[in-house]
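Asker: Here is how the chains run, residue by residue.
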Amino acid sequence: MSWKLFELLIQAAFYTVLISAVSIILGLAIGMVVSAATLSRNRAWSLAGRTFVSFFRGAPLLVQLLLIYNLVPALGLDVPSIVAAVTGLSLCTAAYQAENLRGGFQSVPGGLLEAADMAGLNPRQQFWRIRAPIAVRLAFPSLVNEAIMILKASSLVSVVGIVELTRMAQDLAASTYRPIELFAAAGLLYLIINWLVASGGALFERSFRWGRP
Amino acid sequence: MNFDTDLIARSLPEIFGAFGITLLMWFAGAIGAALLGFFVAVGRRYGRSWLAVPLWALVEIIRGTPFLIQLFLLYYGGPFVGLSLDPITAGLLGLTVYGAAYFSEIFRGGFEAVPAGHIEAAECVGLTRTQIVRRILMPEMTMLVLPASVNMAIVLLKETAVLSIITVPELTLVISAIGSQQYAFAESLFLLALFYWGLVELAGRLGRFTENRLSKYRFATA
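Residue numbers (the numbering used here), protein chains in the order written: chain Y, 2 to 214; chain X, 2 to 223.
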């Protein structure tokens, strides 16, 4: 396989990373709102949050992507397909991240909150100084796993015409009749990206190990 | 909503057939993946030492790359090395190998979680290695790996939708085709999403029910 083809794949890999990073960040923001809703004492909010999580974790991502891609024009909105793709990825990862965060918040040791109460911290201070930092630390390893899941799942946006790594490999394989080399090279790039994310995550995790309850 | 009820009625046999393919892919894929994954886990733990590195590499490669890339490599790359498969066979093989990598990690974790004391005790009373695996490891492991295995089986159900991309005539492909014929793509995909959601919820509940029923067999922790 020529260097020229590999260069095209690398460019496409950057696009894959960009799509995934935007989706992870948007998903984290949506996931925070959803996890707050699921943990809410208000029954309606809690039910809405749990339904969101259950639906977006229950339906296959491919079906969600196709649905959003076709639903948006059906509603009379004219947006580029990349918006539909990122929306689909973000909503799906939001459901998983909401579960991670919920788990994080629920694993904050009760003793710490009692101690904060005794020390005279008001609920707002307890949330921002005790609960949130510890919950985020507890949820961090799952967040790294989720980032890797989304990097792999982003290959599915190729079906709605986004030319990211998988679609680029597919197009080049079709024009050069060399599917083995191209898909193997694309797979290798995914492996490298995921390995970098996993090692970066592990390194970052070690840096805040001191705060482990 | 512009559903043509007559067209839906006419396409019902096709939809049921597609659902059958989805179920076939799921059951055969999940069972095959669990079996292959078990052998990989056993091979990595008890096999010859030269097996360890290739098996590790294989598992990491499959877990580190998208399922779609693996399917493309198998389906479009296969014919170049004399492996021309029809979509259903390619899909089933792809799903089995993909799932096996994840199942092997679940089983590996299960092997490691069985308390060493139980194995030592079994050795002390003179059980052979095969007996230890069959009588001690496997029953204890079944309980340990059940929740993660149910989860993985559900992941595989959702991955069967991806097989539509290599033209396996399963539910997602057939519903998409019918939806576009009717100009009701969004509506039919919405119904499809709801259907998968229901199926996943059902499978999850069935899994939890089984776990509860079997929980009496869970050994006291080490």
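Keep in mind the hints are simulated off the structure, nothing from the lab. Only a predicted model underlies this, so the values are computations on that prediction, with no experimental measurement involved. Backbone N, C-alpha and C define an ideal beta-carbon position, used for all residues, glycine too. Honestly, I wouldn't trust all of these hints.
Restraint-style ranges between C-beta atoms, simulated for each label pair [what the hints assert, rightly or not]:
id	chain 1	residue 1	chain 2	residue 2	range
1	Y	L48	X	S181	29 to 37 Å
2	Y	L113	X	L25	26 to 34 Å
3	Y	I26	X	G118	44 to 52 Å
4	X	T90	Y	M33	27 to 35 Å
5	Y	S200	X	A53	18 to 26 Å
Asker: Would you mind marking each hint as holding or not holding in the structure?
Answerer: Do the hints match the structure? See the list:
A hinted range of 29 to 37 Å holds for the C-beta pair L48(Y) and S181(X), which are about 34 Å apart. For the pair L113(Y) and L25(X), the beta carbons lie near 51 Å from each other, so the given range of 26 to 34 Å is not met. Checked against the hint of 44 to 52 Å, the C-beta distance between I26(Y) and G118(X) comes to roughly 46 Å, which is consistent with it. At about 44 Å, the beta-carbon gap between T90(X) and M33(Y) misses the expected band of 27 to 35 Å.
Between S200(Y) and A53(X) the CB atoms are about 22 Å apart, so this pair conforms to the stated range of 18 to 26 Å.
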